[in-house]
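Chemist: These are the residues of each chain, in order.
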Amino acid sequence: MKTRIGIVLGIAVIMVALVLAHGNKPQHINTGVKWSEEAAQKDTGYIAINGFSEIHFQADTKAQDFEFHNSEKNNCYMDVALALADGTELFKIHSLAAGYGVHKVLLNQELPKGEYEDCSLSIQCYSSADHTQMNGTALSVDVYVR
Amino acid sequence: MKRLTCIIAAMMMLFAQTVYAEEQTAQSTILYTQNDSFSIYIPETITVNQPVAVQAAEINIRPDRAVYVDIVNDGDYVNIYNAEDPSHALQVYFQRIADGTRITGANPTIGSFSTQDQSSTLDFFAAIEDTSGAKAGDYTGMVTFKIRCE
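Keeping their order, the protein sequence lines are chains A and B.
Start counting the first sequence at 1; every next residue gets the next number (the working numbering).
Start counting the second sequence at 1001; every next residue gets the next number (the working numbering).
Among these hints, one or two may not hold up.
Just a few of them, taken from the derived set where beta-carbon distance is under 10 angstroms, the chain A residues facing chain B [what the hints assert, rightly or not]: (1) THR44; (2) GLY51; (3) PHE52; (4) SER120; (5) GLN124.
Hints were generated in silico from the structure; no laboratory data involved.
Heads up, the beta-carbon is just placed ideally off N, CA and C, and yes, glycines get one too.
Start from the sequences, fold in the hints, and give me the full structure.
Modeler: This is the structure:
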């Protein structure tokens, strides 16, 4: 009887530990998550760049909402980095696979309120097949911090 | 006395009028901004002396704006390097097919897209300035396209 109770308690402790461990798993930022469940035919020969002219951030905090994805039609990984006009890098996303994107980023530094013109979102592309570097893009954007 | 009181009360109710409080209204302004968005398709690779195009789709920008695509040049050229001996380089220049003009550091724009011409393409090609004395082998390099909406 005591043995049975001990076994049941032991199993319960293990289950609770597993649940707590899963719940405390740190949320990854600046890494990609699956963007779409729809399968897409790959574009041969072209890299699709989703563009915009403005980015809006909140002042005095590093964690920001920012959506960007690598189209599922692409045949490349992307390294994506945002820099101010003076070259100061604000964040970098490494090896974003085709069909994956981010909803949040963690800045390297907090930004005070203001308008930051002529920032650059650089998108370096690497072949999914052999990781050789392909043509890339620099997207000119203005960053508004409120 | 009671009868008289009831009669007076009934007559008062007959002539009673509903009094409404004066209506007041106020307005608040609702603000929303839909940011510019667009998709640009750049070539994965560019082969020298073969035409290539930049395309656009899903352009949703303010009517007074356009999406411009530039080639980021080091001066007027992009260098490509011998795969087996990177110390050997060749200079590549770019030319617009529409009017035959060169894409230079001073004039780096291939062309532009607006909401009215989403189906157009920006056609250009790459050529090598001077191949004399070039070391045999494959040459590779990368082009960076600068995209701006203004």
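Chemist: All hints, please: hold or fail.
Modeler: Against the structure, the hints:
no., hint, result
1, THR44, "holds (8 angstroms)"
2, GLY51, "holds (5 angstroms)"
3, PHE52, "holds (5 angstroms)"
4, SER120, "holds (8 angstroms)"
5, GLN124, "holds (9 angstroms)"
Violation of the numbered hints given earlier is absent; every hint is satisfied by the structure.
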